[in-house]
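Student: Go by the hints and put chain Y onto chain Z.
Keeping their order, the protein sequence lines are chains Z and Y.
Take the first sequence: its letter number 52 is residue 51 in numbering that gives the first Met the number 0, and every next letter is one higher.
Take the second sequence: its letter number 109 is residue 108 in numbering that gives the first Met the number 0, and every next letter is one higher.
Simulated from the structure, these hints should not be mistaken for laboratory data.
A quick note: this is a predicted structure, and the numbers were derived from the prediction, not measured.
A hint or two may mislead.
Stated by the list, open to error - 30 angstroms max Cα-Cα, derived DSS-like pairs, lysine-lysine:
1) Z/K125 - Y/K46
2) Z/K127 - Y/K276
3) Z/K64 - Y/K132
4) Z/K64 - Z/K78
5) Z/K78 - Y/K132
6) Y/K46 - Z/K171
7) Y/K9 - Z/K127
8) Y/K9 - Z/K125
9) Y/K54 - Z/K171
10) Y/K72 - Y/K132
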Amino acid sequence: MSTQNAEVSANNIDKKSKVLQRSAFAKDLIRDKWMYLMLLPGVLYFIIFKYVPMYGIIMAFQDYKPFLGIMNSPWVGVKHFERFFSEPQFWDLFRNTVLLAVYNLVFFFPLPIVLALMLNEVRSEKFKGFVQTLVYIPHFVSWVVVVGIFYILLTTEGGIFNELIFALTGTKIAFLLEPEWFRTMIVSQSIWKEVGWGTIIFLAALSGVDLQLYEAARMDGAGRWRQLWHITLPAIRGTIVILLILRLGNFLDSGFEHIFLMLTPTNRDVGEVFDTYVYVKGLTQSQFSYSAAVGLFKSAVGLFLVLGSNWLAKKFGQEGVY
Amino acid sequence: MNYDKTIGNKIFDGVNYVLLAIIGLATVLPFIYILAVSFTSPHEVAKGGFILFPKEWSLSAYEYIFSTDTLIKSLGVSIYITAVGTAINLLFTSLMAYPLARQTLRGRQTILLAVLFTMLFSGGMIPTYFVVKAMGLTNSLWSLMIPNAISAFNLIVLKNFFQQIPDGLEDSARIDGCNDVGVLFRIVLPLSMPALATFGLFYAVSHWNQFFNAIMYINDNNKWPVQVLLREIVILAQSRIGDTGFEETEIQPLTIRMAVIVFATIPILIVYPFLQKHFAKGVMLGSVKG
Numbered sequence: 000m001s002t003q004n005a006e007v008s009a010n011n012i013d014k015k016s017k018v019l020q021r022s023a024f025a026k027d028l029i030r031d032k033w034m035y036l037m038l039l040p041g042v043l044y045f046i047i048f049k050y051v052p053m054y055g056i057i058m059a060f061q062d063y064k065p066f067l068g069i070m071n072s073p074w075v076g077v078k079h080f081e082r083f084f085s086e087p088q089f090w091d092l093f094r095n096t097v098l099l100a101v102y103n104l105v106f107f108f109p110l111p112i113v114l115a116l117m118l119n120e121v122r123s124e125k126f127k128g129f130v131q132t133l134v135y136i137p138h139f140v141s142w143v144v145v146v147g148i149f150y151i152l153l154t155t156e157g158g159i160f161n162e163l164i165f166a167l168t169g170t171k172i173a174f175l176l177e178p179e180w181f182r183t184m185i186v187s188q189s190i191w192k193e194v195g196w197g198t199i200i201f202l203a204a205l206s207g208v209d210l211q212l213y214e215a216a217r218m219d220g221a222g223r224w225r226q227l228w229h230i231t232l233p234a235i236r237g238t239i240v241i242l243l244i245l246r247l248g249n250f251l252d253s254g255f256e257h258i259f260l261m262l263t264p265t266n267r268d269v270g271e272v273f274d275t276y277v278y279v280k281g282l283t284q285s286q287f288s289y290s291a292a293v294g295l296f297k298s299a300v301g302l303f304l305v306l307g308s309n310w311l312a313k314k315f316g317q318e319g320v321y
Numbered sequence: 000m001n002y003d004k005t006i007g008n009k010i011f012d013g014v015n016y017v018l019l020a021i022i023g024l025a026t027v028l029p030f031i032y033i034l035a036v037s038f039t040s041p042h043e044v045a046k047g048g049f050i051l052f053p054k055e056w057s058l059s060a061y062e063y064i065f066s067t068d069t070l071i072k073s074l075g076v077s078i079y080i081t082a083v084g085t086a087i088n089l090l091f092t093s094l095m096a097y098p099l100a101r102q103t104l105r106g107r108q109t110i111l112l113a114v115l116f117t118m119l120f121s122g123g124m125i126p127t128y129f130v131v132k133a134m135g136l137t138n139s140l141w142s143l144m145i146p147n148a149i150s151a152f153n154l155i156v157l158k159n160f161f162q163q164i165p166d167g168l169e170d171s172a173r174i175d176g177c178n179d180v181g182v183l184f185r186i187v188l189p190l191s192m193p194a195l196a197t198f199g200l201f202y203a204v205s206h207w208n209q210f211f212n213a214i215m216y217i218n219d220n221n222k223w224p225v226q227v228l229l230r231e232i233v234i235l236a237q238s239r240i241g242d243t244g245f246e247e248t249e250i251q252p253l254t255i256r257m258a259v260i261v262f263a264t265i266p267i268l269i270v271y272p273f274l275q276k277h278f279a280k281g282v283m284l285g286s287v288k289g
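The following block holds chain Z by itself, in its conformation from the complex (with noise of 0.2 angstroms):
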């Protein structure tokens, strides 16, 4: 062989391998290819429902009309938002999600954990499954029929509750149309109908407690209460402090099913939180792209919080979830 043909089929290699390379991609491709077809209705759906209206978003910065599209309508830049932060409504939607935020991490988170130190610590593990077959049924029912079964005993209109009041004190107590009791429905509604489901996470955790550590304690002369406090505890504080800091994250969302449903002419000043004056606005007042705009505030801080506590629960020495 020659020099001159050793030249040439060394060049001839080299291309040949770029052609290889490229040809590995699409060989990969065609020896995927009934993957890529099963990806395609799951990519086209996440792309339509909720890449595209993830696009829509422009329309907070439009002043959108149906009929001319996301398109032509025309732009206005911040407008909306301006009216948004300068609407007197603005604090109070913001007062009104803060107010059940803090009434929820106060009253609601705790019980959770109350609850599942509770089961643990019953030693018959048939009563343990019973109760808590029991205190995961309202979990699975519908927010409707939740504040329905509420409605239907508080009512003052023959409702069991103010029966019983009616004949202690005489009189009668609306606790469905007073404003003041609006925070108070609520969270006992989330109370009643999640805190046995949330114990799930913490009997996880309290499961793998190693037996031996009570074994030890109860010799070192440790009684309940401290084995309670010693052991028990510490077991669950890594979960207490991620749900915690999960919890901070949706710090905005406020249920939204439930608050919409528990809204009445009469609690609107205590009740409206964010989205439903999205709701409100958008779809029954057909003020689009103002609705719009408030949506985008709402996700956009929610992302932020979502990311902030994350970072946090890392910083934690947990694992994040994202």
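Tutor: Relative to the frame of chain Z, chain Y by itself:
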């Protein structure tokens, strides 16, 4: 756990058991009360008092709600969207989860990230409404099934589940001439029945319970699912007192309202034992980590 049988411990246990029993009762008593009252004669209900077992049985509430076809229609709608919607959920979710479980698939990470991002940020109610409208889905039952065809969370958990299935099983089918679609339907899905049952139950419960999409997308009250009807009869009729903006909806007698609640809840209570068997597994099936 073992504790010394001191008096203090006995009191602790006693109090703990009693409190737990009360908590357990507080969760189920409202259901029992509502079931009992719905079967009680209006005459006994009118006398008031707490009824846990009817003295005078009566089916009049049920006769009444089945005398018109309103409830029957909305039950039909709910059953339809639950059955068809869940089938769509499972099909779409598994079709997408399986390719994403293949580590060598090009573009996999990009798609996973894009899916994850939708859990953090969304276009919000108004832009989503316009997309559903532009797709021509409004006022059709599809608007209750297609816009939530895949839950990003379920998708990722199912993907993680698929990853745990040993590759050897899939390879042997491939050697026998099966393509990837065949492998999914003949090997992977049959092996994943417990996981599919779990996701199916959770999807089904969420379809049965949904009401807000119907309020947003459906105007025709012949197409209302049972939850929307329930809201109309039990909540709106009462909360509109003193509100002039709405047409006065007649407040139905207590027994009738309760009978409607029973119908909106019973399917959940029927599947609950199955749910309970699966959900502990379902919750722990996999982590969100890609």
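Student: Confirm or reject each hint.
Tutor: So, going through the hints one by one against the coordinates:
1. Z/K125 - Y/K46: The hint is violated at about 39 angstroms.
2. Z/K127 - Y/K276: 15 angstroms, holds
3. Z/K64 - Y/K132: Distance of about 14 angstroms is within 30 angstroms: holds.
4. Z/K64 - Z/K78: 16 angstroms, holds
5. Z/K78 - Y/K132: Distance ~26 angstroms between Z/K78 and Y/K132 Cα, so the pair holds.
6. Y/K46 - Z/K171: Measuring from Cα to Cα gives roughly 18 angstroms; hence the hint holds.
7. Y/K9 - Z/K127: Between Y/K9 and Z/K127 the Cα gap is close to 17 angstroms, so the pair holds against 30 angstroms.
8. Y/K9 - Z/K125: 19 angstroms, holds
9. Y/K54 - Z/K171: 27 angstroms, holds
10. Y/K72 - Y/K132: 24 angstroms, holds
Hint 1 from the list above is the single one not met by this structure.
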